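K.L.:
Since the structure of chain E is already known, use the hints to place chain A on it.
Top line first, the protein sequences correspond to chains E and A.
Note that our numbering has the first sequence beginning at 3, numbered continuously upward.
Note that our numbering has the second sequence beginning at 3, numbered continuously upward.
Hints may be right or wrong, so weigh each one.
The list treats identical chains as one, so a pair stands whether inside a single copy or across any two.
Stated by the list, open to error - With a cut-off of at most 27 angstroms between alpha-carbon atoms, the simulated DSSO-like pairs for lysine-lysine come out as follows:
| hint | residue 1 | residue 2 |
| --- | --- | --- |
| 1 | LYS126 | LYS105 |
| 2 | LYS126 | LYS221 |
| 3 | LYS201 | LYS226 |
| 4 | LYS201 | LYS126 |
| 5 | LYS221 | LYS105 |
| 6 | LYS105 | LYS201 |
Source of the hints: derived by calculation from the structure; they are not laboratory data.
Fair warning: this is a prediction, and the values are worked out from it, not measured in the lab.
Listed below, chain by chain, are the residues.
Protein chains: 2
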Amino acid sequence: MLIDAPANPPANPPVPQPAFILVRPQMGENIGAAARAMLNFGLTHMRMVDPRDGWPNPRAVAMASGAAGRVLDHAGVFATLPEAVADCAYVFATTARGRDLTKPVMTPERAMEHARALSAAGQKVAVLFGPERAGLENEDVARANAIISVPVNPEFPSLNLAQAVLLCAYEWGRQGTAAAPEVLALAGTELATAIEVEKLGDHFEERLEAAGFFFPESKAEGMKLNLRNLWSRMPLTRADVQTLHGMLRQILRRRDG
Amino acid sequence: MLIDAPANPPANPPVPQPAFILVRPQMGENIGAAARAMLNFGLTHMRMVDPRDGWPNPRAVAMASGAAGRVLDHAGVFATLPEAVADCAYVFATTARGRDLTKPVMTPERAMEHARALSAAGQKVAVLFGPERAGLENEDVARANAIISVPVNPEFPSLNLAQAVLLCAYEWGRQGTAAAPEVLALAGTELATAIEVEKLGDHFEERLEAAGFFFPESKAEGMKLNLRNLWSRMPLTRADVQTLHGMLRQILRRRDG
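Pulled out of the complex, with its shape left as it was, chain E reads as follows (with noise of 0.2 angstroms):
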């Protein structure tokens, strides 16, 4: 421990912590030293999905140590990202490659500043780190509101997995002692969560299958990407999920009927 002195005590009430969310994690060490970093600054709701060598994993907890252990013992292990991400309304997604994606993309400091504001607004958000060799996976970043990444030197950009959830564990904590952010105009409305974003994404690609939409078959894996990516970038509300159901729903009926 070289540095520690919590030299400023937090400045506002606490708002509710963003999940961190591994997804599928390889070394056992990283895992346990992601949560050393989470629990740095103080962040304790740390998912999984799908890691490598299952879970429990006895090197996550051997690195993890004291305290950071229980922020093991209390992570969620999902099979999927999207049964991970289920209860969220908003994602971020920690990658190298966003500049081919229609998102926003934030450095840390914008994202976390943008997460406490929506957290104060009582959106529950959550930010996502790829596995520790390749990323996340584009089919991952389909399912994210939108980019964080890091602005480092291109010529020597090596970030490892734990620096990575360290770099915006810090941004949390930074912002936390700091003056209030100023809060999103999200007055009297609630985002649609992910797993509605998801549902209205299958409703419609189950739909457009059965209509042809996705032709030629070479290209329907391309085109449902970039749908699921359209829904997922939008900043879509709870009401605004019930109207695209009920159109599509609408136009079927009177097709069928």
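P.N.:
Chain A alone, transformed into the frame defined by chain E:
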């Protein structure tokens, strides 16, 4: 490499870099990891005081890989701290034991802000990092003008050497990048124009009208308005608009076919 993407190019003219000084570092691996952490944010001026295992250290080089190896190649190695900081006008010490010393104690954020101001004014700045196990001695801190203390969770302060370096380097870099363009980095994509969104709205409204969606009559106007608001609130690209037109057309083609 999990995260990269230089979202923001440096906005200000570059100011001279601070020297990051590892004081009596123990493990070569940690020296290499510190070099990597620095270079992630463009910092290349490393110094060392009396590294335990001598210098050069093959383990440090193995850990540092590529460009970070060059940071080590150029690192200055000194027998004592006073020699290492001899040319520096302002020295920060990272330490957990700030509270009993009568020196300014700063967060990394505040410290790097100060460091930038000093550097811009032509003052040479150094940041000291202590040995892995015990951190800086009081003797070392006595050479510093101010203390950097990371506001970590007091119940779990567990930053290691490379993490402390990473957070200070991150803060240096963060403050050097442009005032966060929270811009949607819509790389290579074009947002739809208002007229395109208007026509998309027309298309849906027309087809939904034909499908009997706007029912009952008394609510039709309000429903249409909501739908217009839904489209205009979404950050639609040109490609999105084409996709949405295409979806609607394909579903109707099947219906009419």
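K.L.:
Please sort LYS105 with LYS201 into within, between, both or neither, judging by C-alpha distance up to 27 angstroms.
P.N.:
Close inside one copy (20 angstroms) and across copies (23 angstroms); limit 27 angstroms.
K.L.:
Checking an output row: LYS221 and LYS105, CA cutoff 27 angstroms. Within, between, both or neither?
P.N.:
Within one copy only: 22 angstroms inside a chain, 34 angstroms across chains, cut-off 27 angstroms.
K.L.:
How do LYS126 and LYS221 come out at 27 angstroms by Cα distance, when the copy is not named: within, between, both, or neither?
P.N.:
neither (34 angstroms within a copy, 33 angstroms between copies)
K.L.:
At most 27 angstroms between CA atoms: does that hold for LYS201 and LYS126 within a copy, between copies, both, or neither?
P.N.:
This pair counts as within: shortest intra-copy Cα distance 18 angstroms, inter-copy 35 angstroms.
K.L.:
How do LYS126 and LYS105 come out at 27 angstroms by Cα distance, when the copy is not named: within, between, both, or neither?
P.N.:
within (19 angstroms within a copy, 41 angstroms between copies)
K.L.:
First find the shortest C-alpha distance between LYS201 and LYS226 inside one copy, then the shortest across copies, and answer within, between, both or neither for a cut-off of 27 angstroms.
P.N.:
Both. Shortest intra-copy (14 angstroms) and inter-copy (24 angstroms) distances satisfy the 27 angstroms Cα cut-off.
Hint violations for this structure: number 2 only, all remaining hints satisfied.
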